[in-house]
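Q: The lines below spell out each chain.
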Amino acid sequence: MLWLILGIIIGVAAFWVFNANKSGKITVKWYQWALGIIALVMLLLTVENYINFQKELEPVAANFMLVGLGVPALLAASLIWLIPVFKKGKANTGETKVSS
Amino acid sequence: MPEQLTRRQMIKALGLAGAGVSLAAVSGGNPLNAASEAIADTKAQPVPRRYWWVKNVDKITMEVDWKNYKRFSEWKTTRGSLKEYRGNAEDAKYLKLQKDNLLKWELENVPGYTTKDTALKNAVGYGRPPFQFMGPQTVSTPQDRGVPIYEGSPEESSRIITAALRHMGAATVGFVQLEPDSTRKLIYAEEPAPSKKPIFFENVDVGYEDEKKLVVPDKARWIIVFTIQMSTETMKYGPTQLGSLTTALTYTRMWTIVSQLHEFLRGLGYHSYGPSQFNGFSINPALATLAGLGEMSRLNRIITPEYGPMVRAVSIATDLPLAPTKPISFGVMDFCKDCKTCAEICPSGALSMDREPSWEGKGPWNNGGAHKAWYEDSVKCRNYWNTCGTNCGTCFSSCPYAVDDEASMHKIIKGTIASTTMFNSLLVAADRKAFPATTGQPMKNPEDWWKDTNLAEMGIDTRRGGRNI
Ligand code: SF4
Ligand code: SF4
Numbered sequence: 001m002l003w004l005i006l007g008i009i010i011g012v013a014a015f016w017v018f019n020a021n022k023s024g025k026i027t028v029k030w031y032q033w034a035l036g037i038i039a040l041v042m043l044l045l046t047v048e049n050y051i052n053f054q055k056e057l058e059p060v061a062a063n064f065m066l067v068g069l070g071v072p073a074l075l076a077a078s079l080i081w082l083i084p085v086f087k088k089g090k091a092n093t094g095e096t097k098v099s100s
Numbered sequence: 001m002p003e004q005l006t007r008r009q010m011i012k013a014l015g016l017a018g019a020g021v022s023l024a025a026v027s028g029g030n031p032l033n034a035a036s037e038a039i040a041d042t043k044a045q046p047v048p049r050r051y052w053w054v055k056n057v058d059k060i061t062m063e064v065d066w067k068n069y070k071r072f073s074e075w076k077t078t079r080g081s082l083k084e085y086r087g088n089a090e091d092a093k094y095l096k097l098q099k100d101n102l103l104k105w106e107l108e109n110v111p112g113y114t115t116k117d118t119a120l121k122n123a124v125g126y127g128r129p130p131f132q133f134m135g136p137q138t139v140s141t142p143q144d145r146g147v148p149i150y151e152g153s154p155e156e157s158s159r160i161i162t163a164a165l166r167h168m169g170a171a172t173v174g175f176v177q178l179e180p181d182s183t184r185k186l187i188y189a190e191e192p193a194p195s196k197k198p199i200f201f202e203n204v205d206v207g208y209e210d211e212k213k214l215v216v217p218d219k220a221r222w223i224i225v226f227t228i229q230m231s232t233e234t235m236k237y238g239p240t241q242l243g244s245l246t247t248a249l250t251y252t253r254m255w256t257i258v259s260q261l262h263e264f265l266r267g268l269g270y271h272s273y274g275p276s277q278f279n280g281f282s283i284n285p286a287l288a289t290l291a292g293l294g295e296m297s298r299l300n301r302i303i304t305p306e307y308g309p310m311v312r313a314v315s316i317a318t319d320l321p322l323a324p325t326k327p328i329s330f331g332v333m334d335f336c337k338d339c340k341t342c343a344e345i346c347p348s349g350a351l352s353m354d355r356e357p358s359w360e361g362k363g364p365w366n367n368g369g370a371h372k373a374w375y376e377d378s379v380k381c382r383n384y385w386n387t388c389g390t391n392c393g394t395c396f397s398s399c400p401y402a403v404d405d406e407a408s409m410h411k412i413i414k415g416t417i418a419s420t421t422m423f424n425s426l427l428v429a430a431d432r433k434a435f436p437a438t439t440g441q442p443m444k445n446p447e448d449w450w451k452d453t454n455l456a457e458m459g460i461d462t463r464r465g466g467r468n469i
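The listed protein sequences derive, respectively, from chains A and B.
Everything in the first sequence is counted per this note's numbering, starting at 1 for the first residue and increasing by one.
Everything in the second sequence is counted per this note's numbering, starting at 1 for the first residue and increasing by one.
Result set (DSSO-like, lysine-lysine): computed pairs, CA atoms no more than 27 Å apart in a straight line:
hint : chain 1 : residue 1 : chain 2 : residue 2
1    : B       : K83       : B       : K99
2    : A       : K55       : B       : K411
3    : A       : K55       : B       : K433
4    : A       : K55       : B       : K451
5    : B       : K104      : B       : K83
6    : A       : K55       : B       : K116
If you anchor each label on the Cβ, the simulated ranges turn out as follows:
hint : chain 1 : residue 1 : chain 2 : residue 2 : range
7    : B       : D338      : A       : V41       : 26 to 36 Å
8    : B       : S419      : A       : I5        : 31 to 41 Å
9    : A       : W3        : B       : Y208      : 55 to 65 Å
10   : A       : I5        : B       : K43       : 48 to 58 Å
11   : B       : S419      : A       : G89       : 37 to 47 Å
Since the hints were derived computationally from the structure, they do not count as laboratory data.
Computed from a predicted model, the values in this text were never measured in an experiment.
Don't be surprised by glycine CBs; every beta carbon is placed ideally from N, CA and C.
Go ahead and model the full structure; you've got the sequences and the hints to work with.
A: What follows is the structure in structure tokens.
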């Protein structure tokens, strides 16, 4: 059941991003697609392994998954937003330097 | 020689034709010699349904010098000669220490050693039918029932034996063909103490046991070797009594399955020969490795792809022609070079810390000299068993392969190990964080085990292995 719900949510989100990108509402760069896919796979693996390690009665291993796979997944996801912000910031600083 | 004999070819090989003649086989002739010879070189098959990362190979991953390999006597192991190896005084000292410690810890209610743990450990060791060289021999034979003996190609026979054994409670099943210059040397030369009877191969129709010896007929050329799953969960409570009931229960199941297998073969119209005492017949980890059930490891025991080291292995020989199974490789021998977790966690320092396996045994309890292994100092191990009061097993429970298979990460990691050695050190470090183990301590609190009334039956998940791949 969990996987069905997750599948529907991910499917709807992916459909929206794809259409919005096509219609020009948002611009998704190639590296953002790549990071998004990597983060999504890592997040799904984290959820699956966390649940199954708990089933195996291994709470330490389950928590290890949250830290070892879940945190890098969130970092990868945050880069989707951070890289453009960082780029924009750098460009603005560059402009200021030229104009001074 | 045909790879697969049809029923017609089989009957031809038997030199027989028609049902009436099949009945002649029932009445005590010796048609199986012809069949045995006809089928002698059946090509080895892979063990069915394995993970994608398990490679079928032609040679086992452990080096063996068959020319210099000698048959070993079981009584030379520490099971049979511990007293000689450590001396009378030392032996008495350790036996007293074991008795005193178990009493003290039970009185003090030490978790894992309490009265309930002790009672359960002793209880699950009950109910073992006695091992008998040729099995119980109680069920009816086809001859008794007035029907022909079972006939099938070696591949069919291997399949029905596997199906029957799985139903009896075995985990994985493989087959080895006995060759006088190699694999036959894995049958012990002498059985365990106190009888120390020699085991001979003779050109007779049916084997036998008398006062002086056990005789396996030359025509019993096929070994059926199988593993029995142990509870990964209860093993984590080693070295306590609660951890120790893991092997106790598995041996009880093994005793039953071995007797049932003998009787199954008898019911098909064939003979079988196996242990007359505990571990009394063959070097089972070696046979299991040759049959492709796993690879040898630093534990000097087998590690299987499905259950890691959490198995016991046992074998019997039969005159029912069977198709041998192929050895496998999935990176264990290389991973053990980088891992050493078991050796580091071992409280007695019994396991080898050398990076490479060696030809030299650690003492007369090892059959060293003709195969490369990580030999263990069995006396050190046994001394610790007497100290902790049980058969310890913490080297098994701390092994990165001693895990369940619910989480996909296990398969990803095992697949990675099988494909490259590049990440071995990283994976060992991660395993020690995810499954922390401390020398001489259970990995989990034994009292918590008693609080969970919904654990798997017998502590094992029977969906693992073939069904769950
Ligand atoms: S059973 Fe215990 S003492 Fe023996 S080798 Fe394993 S960890 Fe060491
Ligand atoms: S603990 Fe490590 S070194 Fe020991 S048998 Fe298991 S994988 Fe090999």
